[in-house]
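Asks: Sequence:
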Amino acid sequence: MDSRLHSLIVDYLAAVARAVNLLKEGGIAMPESNLAWACNGLPHKGILPGGVPYFKHGYGCGVEFETGLVDFDFGQSGETNGFDFWRLACFAGDRLSQYTFTSKEDLRECFQSTVESGAFVSSTYMLHYLRK
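In the working numbering, the protein residues as written are 489 to 620.
Errors might be hidden in some of the hints.
[Unchecked claim] Under the rule of at most 25 Å between Cα atoms (straight-line distance), these lysine to aspartate or glutamate pairs were calculated in the DMTMM-like manner:
#, residue 1, residue 2
1, 512, 490
2, 544, 582
3, 544, 572
Hint data in this document are derived by calculation from the structure and do not stem from the laboratory.
Since the structure is predicted, the reported quantities are computational estimates derived from the model, not experimental observations.
Could you put together the complete structure from these sequences and hints?
Replies: And the structure:
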């Protein structure tokens with residue numbers, strides 16, 4: 489896998505883990521599935537410990553850290569280690585050059601070629617996972 493993409497994915501997943509920990513600290517139970525999350529009755533907006541805002545949407549959640557937004561979806565069994573091109577691009581935002589991508593299109597091409605190479609485990613939904 490391209491080292492730039494791997495670095496971005498590792499940073500994204502670390503931010504997701506941080507967001508999940510804040511959700512738990514805020515008393516929000518982690519779901520058994522993405523459907524359970526969608527139907528859990530949690531307010532669509534709220535504030536997590538440390539004054540960090542979150543917004544719930546469909547199968548996922550966005551958490552707005554001072555360093556930027558991390559948006560993730562829960563997997564079919566409640567996993568939080570999935571990603572897709574859109575989430576990675578949003579997470580990187582104007583920091584794409586930090587990962588030495590020249591543009592979103594550069595990232596898209598790299599991501600797509602990695603998907604096509606079979607380097608990711610792909611779900612039946614839109615998420616991908618790193619192979620172990």
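Asks: Hints first: check each against the structure and report whether it holds.
Replies: Comparing the hints with the structure gives:
Distance restraint check for residue 512 and residue 490: the Cα-Cα separation of roughly 33 Å exceeds the 25 Å cut-off, and the hinted pair is therefore not satisfied. Only pairs whose Cα atoms come within 25 Å are accepted, and residue 544 paired with residue 582 is accepted, the gap being roughly 24 Å. Using a Cα cut-off of 25 Å, the hinted pair residue 544 and residue 572 holds, with the two alpha carbons roughly 18 Å apart.
Violated hint for the displayed structure: number 1, the only one.
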